[in-house]
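Heads up: the protein sequence lines correspond to chains A and B, in order. Residue numbers for the first sequence follow the numbering used here, so the first one is 1 and each next one is one higher. Residue numbers for the second sequence follow the numbering used here, so the first one is 97 and each next one is one higher.
These are calculated hints, taken from the structure and not from any lab test. C-beta: ideal position from N, C-alpha, C; glycine also. Every clue listed holds true.
Only pairs whose alpha carbons sit at most 25 Å apart, straight line, appear in this in silico BS3-like list of lysine-lysine:
(1) K76/A with K427/B
(2) K437/B with K10/A
(3) K354/B with K378/B
(4) K427/B with K10/A
(5) K437/B with K427/B
(6) K243/B with K507/B
(7) K76/A with K206/B
Okay, the calculated beta carbon distance ranges per label pair:
(8) A39/A with Q581/B: 49 to 57 Å
(9) A143/B with G87/A: 29 to 37 Å
(10) Q145/B with D72/A: 20 to 28 Å
(11) T20/A with G505/B: 20 to 28 Å
(12) Q581/B with D40/A: 45 to 53 Å
(13) K10/A with R430/B: 16 to 24 Å
(14) A39/A with V388/B: 28 to 36 Å
(15) Q50/A with R577/B: 51 to 59 Å
Simulated coverage check for chain A against chain B, where a stretch passes if three residues somewhere in it have a Cβ under 8 Å from a Cβ of chain B:
(16) 18-26
(17) 30-38
(18) 41-49
(19) 54-62
(20) 71-77
(21) 85-96
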Amino acid sequence: MNLTRQDVEKIAHLARLSITEQEMPVYVTSLSSIVNFVADLSRAQTDAVQPMAHPLDGQHQRLRADAVSESDHHEKYQVNAPAVQAGLYVVPRVIE
Amino acid sequence: MLHNLSIGELGRSLTAGQISSVELTRHFLGRIERLNPALNAVITLTAEQALAEAAAADRRRAAGEQAPLLGIPLIHKDIFCTDGVRTSCGSRMLDNFIAPYDATVVTRLKTAGAVMLGKANMDEFAMGSSNETSFYGPVKNPWDLSKVPGGSSGGSAAAAAARLAVFTTGTDTGGSIRQPAALTGVTGVKPTYGRVSRFGMIAFASSLDQAGVLARSAADAAVVLQAMAGFDPQDSTSIDTPVPDYPAALDQPLAGLKIGLLREFFEGLEARNAALIHDALKIYRSLGAQTVDVSLPHLPLSVPTYYVVAPAECSSNLSRFDGVRFGYRCKQPRDLLDLYKRSRGEGFGAEVKRRIMTGTYVLSAGYFDAYYLKAQKVRRLITDDFRAAFEQADLLIGPTTPTPAFAIGAKIDDPITMYLNDIYTIGANLAGLPGLSLPCGFVDGLPMGLQLIGPHFSESKLLNAAHRFQTATDWHQRSPRGYEQ
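Here chain A stands alone, though its shape is the one from the complex (with noise of 0.2 Å):
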């Protein structure tokens, strides 16, 4: 199955990524060739199979006690802000 100019700019509206003009035809054949090359997983038999989400059997999410283990760090992470303002992330105008 080939993907049109459509599907990959539906694709790269779901992903959040713009992508230019010259990029787009590039992107329709490779993600066209990766989806026909991926397609041949449907060659397997698969039908008892129960999928696998993790490497190693008998894993379970850990729980920890619910005490406070960070300390405000918050001036450091924003060092690497683009944009703050009183402590606070800056966004285009979000609500008119």
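For this one, chain A is given, so just place chain B on it according to the hints.
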């Protein structure tokens, strides 16, 4: 020459006071300054910090401490967060990112007294098999500067091969330690999933990612892995089982060891490459091991399985890069959606965007069952194949890669051809198994790797088998021309 000595030899010289860690550190910093411009293996140098750490190591040793890595210089792959030092992950997205904390791997090696010289170049977000997707440009292979060093830990591999550090760290999601180790003639270890903490290691595909080591011998790798491995409560998939004494097991005899020859790994393998593996088997037989033929019938589906599972996990993991809290932000966004889209569109490179979109597609409504769920089922079939193989053999053996290093530019425009490079390494990641690549000879003057794969938590046995091979051969001691002195 200092840079050709093993960790054990350096430790004895340091303890005897024949050299200091400061001298050793200066020696490697000098090599980086002289040799790295042609290789592009190191993208951040932390000389001042390294010399301070080396001086501290010298003081600890003077006070009687004798830890094996105390004062030994290393380079970290730039995927590991290093407090106060840029951690770029090879991406424009994180070109300006100063990590606010250390990864557990970094903390552990720091505590062991190892000295960080700098950070190694890598494929962007560890997505690549040639180190050509880095925002900082390709890494060159020290054996031939027109060839790739492999990827994604290409900078780490080239740096270890060129002796720019005593050892380097790497990560392996589909072969990213073993494949570049093979292509540059060094020893690379990908431990069992969960053996080494992933905390502070920038995530690509969380059910596959594992940290490991690239070194010039299995004996050196054993010492490093000893310091890296172990339970970490900060990694929710870290495994809480005791770490065996890896160096102590290196010399165990191999008599009676059953080595499984992976039939599928030889189909279509060029005769000269296959001959090197058969030569290696002869050495193993002379060391007392037996060989048996084993088959992994679903292995041919490992690459398509991986290219569903890994992109799916990557599309989820990389959604954190939004241009708001850290990383690249586009200029003059019109609104929030435009900010997200252009920050990500401009901040990520071509291959990263391709994988995010592949993952988004296979997870999207209507395609989830056919691709993602199907791949998770085939993943179990592949894992079951390995389990059955380990009923016949203690270790599995085969080539690490189908070919030696290829030319820079040869495969970058064809993703499927590039993906097929990892055909022999991906299986171990899908099944969470430990794997090791060690040098086993040359084809056209370029190194080839022998791969050992073992059951979960068999690192000791893998290192033992690799070390015994390296006491019977000298492939691992070969140095690329121009890097001996």
